[in-house]
Amino acid sequence: MKGTQLGEFEELILLLTGVLYPDAYGVSIARELENQTGRKAAIGAIHSALVRLEEKGFLKSELQSGSGKRGGRPKKIFSITAAGKTAIAKSKELRNSLWDQIPELALKGLNYSYVIR
Amino acid sequence: MVEYLQGDLYEQFQAEVEKRGLFGARLWYWKQVLNMIRPFALKGNMISNFISFYGLHTRFAFRQMKKHPLDALMNIGSLTLGIACFVFISLYVMEEFKWDKFHPNHERIKRVVIDFVFQEGERIPDATTPPALAPALIDQLPEVEAVTRIFPSWGSRYLVELPSGKRFYEDKLIRVDSGFFDVFQFPIARSSGTNRITQPDQAMLSESMAKKYFGDEEPLGQIIQVHIGNDTLPYKVIAILEDVPRYSHFDFDIVLPLRISHMMDSWGWYNFYTYVSLYPNSSDQVFEEKLQPLFDSAQTVGSNVNHIMYSQALTDIHLRSHLKWELGTNSDLRTVLMFGSLGIFILLISLANYMNLALSNGYKRHREIGIKKILGVGRGDLFGQFMVETLTLVLLSFFLALLLSEFFATRFRDVLGWKIGILDPGVFPVLALLLILVVMVCLLGSTFPSVQLSRLRVLNILSGDLGKGKQNIKAIRGGLVVLQFTLSIFMIISALVVKDQLDLFRNAELGFNTRQTLVIPNAGSIANQQNFIQEIRKIPGVEDVSRSNGEIGKLNWTTNIGIEDKVLINYLVIDPEFFSTLEIDLVHGEYFSREQVTQSSGWTLVLNEEAFKSLNLRVEDIGERIPITTNADTLVHGRIIGVVRDFQFTDFRNGIKPFAFFWREGDMNHVNIKVSSGDISATLEAIEKAWKDATAGVALESYFLDQTFAQLHSTEQKLSKVLDGLTLMALFIAFSGMFAMAHLWLKARLKEVAVRKVMGARVVALVMLLSKPFIILFMLANTIAFLGAYYALNGWLDSFVIRVELGWIYFAMAALISLLVGLFTVGVQSLRLATQNPTRFLGQE
Numbered sequence: 400m401k402g403t404q405l406g407e408f409e410e411l412i413l414l415l416t417g418v419l420y421p422d423a424y425g426v427s428i429a430r431e432l433e434n435q436t437g438r439k440a441a442i443g444a445i446h447s448a449l450v451r452l453e454e455k456g457f458l459k460s461e462l463q464s465g466s467g468k469r470g471g472r473p474k475k476i477f478s479i480t481a482a483g484k485t486a487i488a489k490s491k492e493l494r495n496s497l498w499d500q501i502p503e504l505a506l507k508g509l510n511y512s513y514v515i516r
Numbered sequence: 099m100v101e102y103l104q105g106d107l108y109e110q111f112q113a114e115v116e117k118r119g120l121f122g123a124r125l126w127y128w129k130q131v132l133n134m135i136r137p138f139a140l141k142g143n144m145i146s147n148f149i150s151f152y153g154l155h156t157r158f159a160f161r162q163m164k165k166h167p168l169d170a171l172m173n174i175g176s177l178t179l180g181i182a183c184f185v186f187i188s189l190y191v192m193e194e195f196k197w198d199k200f201h202p203n204h205e206r207i208k209r210v211v212i213d214f215v216f217q218e219g220e221r222i223p224d225a226t227t228p229p230a231l232a233p234a235l236i237d238q239l240p241e242v243e244a245v246t247r248i249f250p251s252w253g254s255r256y257l258v259e260l261p262s263g264k265r266f267y268e269d270k271l272i273r274v275d276s277g278f279f280d281v282f283q284f285p286i287a288r289s290s291g292t293n294r295i296t297q298p299d300q301a302m303l304s305e306s307m308a309k310k311y312f313g314d315e316e317p318l319g320q321i322i323q324v325h326i327g328n329d330t331l332p333y334k335v336i337a338i339l340e341d342v343p344r345y346s347h348f349d350f351d352i353v354l355p356l357r358i359s360h361m362m363d364s365w366g367w368y369n370f371y372t373y374v375s376l377y378p379n380s381s382d383q384v385f386e387e388k389l390q391p392l393f394d395s396a397q398t399v400g401s402n403v404n405h406i407m408y409s410q411a412l413t414d415i416h417l418r419s420h421l422k423w424e425l426g427t428n429s430d431l432r433t434v435l436m437f438g439s440l441g442i443f444i445l446l447i448s449l450a451n452y453m454n455l456a457l458s459n460g461y462k463r464h465r466e467i468g469i470k471k472i473l474g475v476g477r478g479d480l481f482g483q484f485m486v487e488t489l490t491l492v493l494l495s496f497f498l499a500l501l502l503s504e505f506f507a508t509r510f511r512d513v514l515g516w517k518i519g520i521l522d523p524g525v526f527p528v529l530a531l532l533l534i535l536v537v538m539v540c541l542l543g544s545t546f547p548s549v550q551l552s553r554l555r556v557l558n559i560l561s562g563d564l565g566k567g568k569q570n571i572k573a574i575r576g577g578l579v580v581l582q583f584t585l586s587i588f589m590i591i592s593a594l595v596v597k598d599q600l601d602l603f604r605n606a607e608l609g610f611n612t613r614q615t616l617v618i619p620n621a622g623s624i625a626n627q628q629n630f631i632q633e634i635r636k637i638p639g640v641e642d643v644s645r646s647n648g649e650i651g652k653l654n655w656t657t658n659i660g661i662e663d664k665v666l667i668n669y670l671v672i673d674p675e676f677f678s679t680l681e682i683d684l685v686h687g688e689y690f691s692r693e694q695v696t697q698s699s700g701w702t703l704v705l706n707e708e709a710f711k712s713l714n715l716r717v718e719d720i721g722e723r724i725p726i727t728t729n730a731d732t733l734v735h736g737r738i739i740g741v742v743r744d745f746q747f748t749d750f751r752n753g754i755k756p757f758a759f760f761w762r763e764g765d766m767n768h769v770n771i772k773v774s775s776g777d778i779s780a781t782l783e784a785i786e787k788a789w790k791d792a793t794a795g796v797a798l799e800s801y802f803l804d805q806t807f808a809q810l811h812s813t814e815q816k817l818s819k820v821l822d823g824l825t826l827m828a829l830f831i832a833f834s835g836m837f838a839m840a841h842l843w844l845k846a847r848l849k850e851v852a853v854r855k856v857m858g859a860r861v862v863a864l865v866m867l868l869s870k871p872f873i874i875l876f877m878l879a880n881t882i883a884f885l886g887a888y889y890a891l892n893g894w895l896d897s898f899v900i901r902v903e904l905g906w907i908y909f910a911m912a913a914l915i916s917l918l919v920g921l922f923t924v925g926v927q928s929l930r931l932a933t934q935n936p937t938r939f940l941g942q943e
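Residue numbers (the numbering used here), protein chains in the order written: chain A, 400 to 516; chain B, 99 to 943.
Heads up, some of the hints might be wrong.
To be verified - Not everything, but these chain A residues come out facing chain B in the computed CB check (under 8 Å):
| id | residue |
| --- | --- |
| 1 | Gly417 |
| 2 | Pro421 |
| 3 | Tyr424 |
| 4 | Val426 |
| 5 | Gly437 |
| 6 | Lys439 |
| 7 | Ile442 |
| 8 | Lys468 |
| 9 | Arg469 |
| 10 | Pro502 |
Claimed, not checked - No more than 30 Å apart at the CA atoms, straight line, and that leaves these computed lysine-lysine pairs for DSS-like:
| id | chain 1 | residue 1 | chain 2 | residue 2 |
| --- | --- | --- | --- | --- |
| 11 | B | Lys196 | B | Lys117 |
| 12 | B | Lys334 | B | Lys309 |
| 13 | A | Lys468 | B | Lys310 |
| 14 | A | Lys468 | B | Lys164 |
| 15 | B | Lys790 | B | Lys310 |
| 16 | B | Lys790 | A | Lys439 |
| 17 | B | Lys270 | B | Lys755 |
| 18 | B | Lys572 | B | Lys388 |
| 19 | A | Lys459 | A | Lys439 |
| 20 | B | Lys755 | B | Lys164 |
| 21 | B | Lys787 | B | Lys165 |
| 22 | A | Lys439 | B | Lys334 |
| 23 | A | Lys459 | B | Lys572 |
| 24 | A | Lys455 | B | Lys164 |
| 25 | A | Lys439 | A | Lys455 |
| 26 | B | Lys270 | B | Lys165 |
| 27 | B | Lys845 | B | Lys870 |
| 28 | B | Lys309 | B | Lys772 |
Since the hints were derived computationally from the structure, they do not count as laboratory data. We put the beta carbon where it would ideally sit given N, CA and C, even for glycine.
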C-alpha cells in the first residue's frame with residue numbers, strides 16, 4: 400500500500416509520540432528524541448515528519464491554547480490513531496520475525512575473540 | 099500553522115538561551131526558522147492558492163503581451179534601453195570614484211602642494227614642491243607618519259641597458275625616497291626579502307616590465323644599467339611590483355631611489371611631488387593649519403615669497419585636482435556629474451514613457467475589468483493582477499537591460515578605458531536600489547488605473563463612463579510628455595553645442611604647424627647629433643629640421659622673468675631653425691640666426707606676444723639689453739631680439755600663456771622635422787633608416803605634433819561621442835512614447851472625427867485639430883528646456899577660453915528637430931485617421 404510505509408525517522412517520531420502521550424508536541428518530541436537517542440533534530444524536521452505522519456493517518460492532532468511559556472501561542476498536541484498503532488505494531492512484528500530468523504552462527508560470527516580462539 | 103510553530107520555537111528558544119546564551123540562542127533560532135523551509139510548510143491552503151493565483155496572473159500577463167505585441171515591444175524596449183543606459187553610466191560614475199582607494203591607508207594619505215602667488219596677484223596652483231619640504235614635514239609635524247618625494251621622468255626617456263646587452267628607452271620611471279612604500283602600498287608580487295628601497299643601487303620593476311626585460315628568466319637579483327644625466331649607474335632588481343593598478347593617479351614601471359645631493363636641501367627647486375601619510379588618530383585640520391607656517395619659516399628672511407601651501411586628500415586628486423604639472427591625466431568631477439545627470443535624464447524619460455503607456459493601457463482595459471468585477475473578482479485581486487503583469491514586464495526588461503549594459507560596457511571598454519562590469523561587487527547595491535526604484539515607479543503607473551477603475555460602478559466601467567479619474571490621468575500624461583520632451587530637447591541642444599565646441603578646438607588656429615611636424619622625442623642619446631641632422635636634411639621629402647629640448651603642447655619648463663613684477667613663463671631651448679620648422683610667425687624684431695653669438699652670461703631670447711605684453715615691454719626695447727632677473731643679488735640682463743605671434747600650447751580651458759625661447763648651441767633631446775605633404779611614407783622610411791644608422795639599430799619612436807594636441811582634448815572628444823549616442827537613445831525613447839500616446843489619444847477621438855467629417859470638415863482642418871494639443875505640449879517642453887540648457891551650457895562653456903557663442907540657432911535647431919519628430923508621429927497618425935471613411939467608426943458599438 401503506497402504511502403503507508405514508515406521511514407526510520409518517522410517510526411521514531413511515531414513511537415515517541417506514543418511514549419509522551421498525552422503531552423506530545425513539537426518541542427517535547429524533540430527533547431525526548433535527544434534524551435532517548437542522542438540525536439538532535441531541527442524543529443522543522445520534527446514537524447515535517449509529524450505532518451507527513453498525520454497525512455498518512457497515523458497521527459491525529461488538536462490545538463491546545465498556549466501558556467505564557469510559549470508567548471501565548473497555541474500548542475499542537477499529537478496522539479496516535481488506531482492506524483498508527485497498527486503500523487508500529489506491524490513494524491515491530493516484522494523486526495521481531497526477522498530477528499528470529501538470523502542464524503545463531505551469524506551472530507556468533509560477530510564475536511571476534513571467539514573465532515580466533 | 100505558523101502560530102503553533104512559532105510557539106514551539108519560542109519555547110525551545112527559552113531553553114536554548116540558558117544553554118547557549120542570548121546570542122547563541124538567536125543564531126539557533128534563525129537556523130531553525132530557515133530549516134522550516136520544507137515542503138510541508140508550503141502545503142498550507144493559503145499558500146497553494148497564492149501560487150496558483152499568481153501563476154494565473156503571469157499567464158494573463160503573457161497573454162496581454164501577445165495580444166498587443168506593439169505595446170509590449172515599446173514598453174519593454176524603452177524601459178530596457180533606459181535602464182541599460184542608466185546602468186552603463188552608473189558603471190562609469192562608480193569607476194571614476196574608485197581611484198586611489200586600493201591603498202589600505204588611502205584616507206590618511208595627502209599630497210602637499212603649492213599655489214604660486216605673484217606680485218600682481220596672479221595665482222598658479224602647482225603640484226610640485228621643493229625637495230627640502232619632505233624632511234621638514236616629518237621632522238617638525240608630529241602628525242606625519244611617513245613622507246616621500248617622487249621625482250618623475252619629466253618627459254625624458256632614460257636609456258636602460260640589460261645584462262643581455264638589450265637597450266630600451268623608458269619614460270615611466272620614477273625616483274623616490276625610501277618612505278615611498280611606507281606612504282603608498284602598491285601591491286608587491288615578489289621580492290627578495292625587503293619590500294622597500296633602502297640602498298642607492300636598488301630598483302623595483304613592474305611585472306610587465308620584468309617580463310619585457312627578462313622573459314622567463316628570474317628578474318630578482320639582476321643588474322640593470324640606467325643612464326641618468328651624464329652617468330650610467332647599475333641598479334639591482336630587489337622586488338617585482340604588480341602592475342600599477344589602473345585606479346592610480348600616477349603610473350610607473352620602474353622605481354629607483356633618489357640620489358641625494360646638496361640640491362636636496364633646496365627650498366627653491368620645484369621639481370618634486372611630496373606625499374605624506376598621517377597617523378591614524380591625528381587630525382587633518384591640525385596638520386593643514388601647520389603647513390603654511392612651516393613653509394613660511396623655511397623661506398630666507400626678507401625674501402618676498404607669498405606662496406600658499408596646502409594639502410589635498412589622495413582620493414580627491416583624480417576628480418578634483420587640476421594643478422599645473424599633474425603626474426597623470428586627471429578626470430573632471432564636472433564631466434562625471436554631467437554624465438551622471440544624463441543617465442538620470444534617460445532613466446526618467448523611459449520611466450515617464452512606461453508610466454504613460456501603462457496609464458492609458460489600464461484605461462483601455464476597462465471592459466476586462468468590468469467583466470471581472472461582475473464575475474466577483476475583488477479589488478485586491480484586480481490590483482494583484484496588474485501588479486503581476488507589471489512585475490513580469492519590468493523584471494524582463496531589467497534582465498535584458500543588464501545584458502545590454504554589460505554588452506555596452508565590454509564593447510566600449512577599450513575606447514573609454516573602463517574596467518568595471520556589472521558583476522563587480524560594488525555595483526550590486528546600486529542595481530538592487532535601481533530595481534526597487536524602477537519596480538515602484540512602474541507599479542505606481544500600472545496599478546493606478548486598476549485602483550481607480552475598481553472603485554467605480556460596474557455599469558459605468560462597462561459603458562466606458564470612466565468618471566473624473568480619466569481627466570486627472572490626462573493631465574498627468576500631459577505632464578509626463580512634457581517632462582520627456584523637455585529632457586530630450588535639452589539633450590539635443592547639449593549635443594549640438596558640445597559638437598560645435600569640439601569642432602572649434604579641432605580647427606582652431608594653434609599658431610604653428612602641427613600636421614606636418616614630425617617629432618623624434620628621444621634623440622638626446624644619438625652619438626653624433628649634428629651628423630644625424632645633416633643626414634635628415636638630405637632626404638627629399640624633408641623641408642626643415644630643428645632641435646629643441648622639449649615640445650610645444652607637452653609639459654614645458656618654466657622660469658620667472660621680470661624685475662619687480664615677475665612673470666612665470668614657459669620656455670623651450672631651441673636652435674635657430676625651430677621657428678621655420680614649426681612655421682611660427684615673427685611680429686617684431688628678428689629670429690635667432692646662426693650668425694649670432696650665443697652669450698654664455700646673460701640670455702638671448704624670443705618672446706611670444708603674450709609674454710611681451712606681460713613684461714610691459716615696448717617695441718623700442720627689442721634688441722636692447724634689459725634687466726631680466728636677479729641671481730644671487732647680481733642683476734642678470736637679457737637681450738630680447740624678437741617677438742613671435744601668440745600660439746596655443748595648452749588645452750583650451752586655459753588661454754594663451756606667456757612663452758619664451760632661448761637659443762643654446764649643443765645637443766638637444768627632441769628633433770623636429772617638417773615633412774612635405776607629398777609622399778609621406780617614403781619620407782618616413784628614409785628618416786627611419788637614417789635613425790637606425792645613427793643609433794646602431796634602436797627602434798625609432800616618432801609622432802606628428804597634432805597627436806599631442808589631440809590628446810590635450812581627448813576627454814571632450816570622448817564626451818561628445820557618448821553624448822551623441824545618449825541623445826539619440828533619449829530621442830528614440832521619447833519618440834516611441836509619443837507615438838504610442840498619440841495612437842491611444844487619437845483612438846479615443848474616432849467618433850468625434852467621424853462626425854466632424856460627416857459634417858463636412860476638411861482633412862487639413864482635422865489634422866490641425868488633432869495635432870493641436872501636442873503642439874501646445876511641445877511649446878511648453880521647449881520653453882523649459884531652453885531655460886535649463888542655457889544655464890547649464892553657459893556654465894560648461896565658461897570653463898573654456900575659446901568658446902562658441904550660445905546662439906539662438908542651437909535652440910531653433912533643437913526645437914525644429916523635436917517638432918519634426920513630434921509632427922511626424924502625430925501628423926501621420928491623424929492624417930490616416932482623417933482620411934478614413936467615417937462610416938467605419940460610426941458603425942461601431
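Tested hints:
1. Gly417: Not OK, violated: glycine 417/A not within 8 Å of chain B, min 19 Å.
2. Pro421: violated, 16 Å
3. Tyr424: holds, 7 Å
4. Val426: holds, 5 Å
5. Gly437: violated, 16 Å
6. Lys439: violated, 11 Å
7. Ile442: Result: holds, 5 Å to nearest chain B Cβ.
8. Lys468: Holds, because the Cβ-Cβ distance from lysine 468/A to chain B comes to roughly 6 Å (cut-off 8 Å).
9. Arg469: holds, 4 Å
10. Pro502: violated, 42 Å
11. Lys196/B / Lys117/B: Roughly 47 Å separates the two Cα atoms, so the pair is violated.
12. Lys334/B / Lys309/B: Satisfied, since the Cα-Cα distance of roughly 16 Å is no more than 30 Å.
13. Lys468/A / Lys310/B: violated, 74 Å
14. Lys468/A / Lys164/B: Cα-Cα ~56 Å, so violated.
15. Lys790/B / Lys310/B: holds, 22 Å
16. Lys790/B / Lys439/A: violated, 83 Å
17. Lys270/B / Lys755/B: Holds: lysine 270/B and lysine 755/B sit about 28 Å apart, inside 30 Å.
18. Lys572/B / Lys388/B: violated, 64 Å
19. Lys459/A / Lys439/A: holds, 24 Å
20. Lys755/B / Lys164/B: violated, 66 Å
21. Lys787/B / Lys165/B: The hint is violated at about 72 Å.
22. Lys439/A / Lys334/B: Violated. Lysine 439/A to lysine 334/B sits at ~64 Å, over the 30 Å cutoff.
23. Lys459/A / Lys572/B: violated, 61 Å
24. Lys455/A / Lys164/B: Not satisfied, since the Cα-Cα distance of roughly 45 Å exceeds 30 Å.
25. Lys439/A / Lys455/A: holds, 24 Å
26. Lys270/B / Lys165/B: Between lysine 270/B and lysine 165/B the Cα gap is close to 63 Å, so the pair fails against 30 Å, i.e. violated.
27. Lys845/B / Lys870/B: Holds: lysine 845/B and lysine 870/B sit about 16 Å apart, inside 30 Å.
28. Lys309/B / Lys772/B: Violated, at roughly 37 Å.
The structure fails hints 1, 2, 5, 6, 10, 11, 13, 14, 16, 18, 20, 21, 22, 23, 24, 26 and 28 (numbered hints given earlier, in ascending order).
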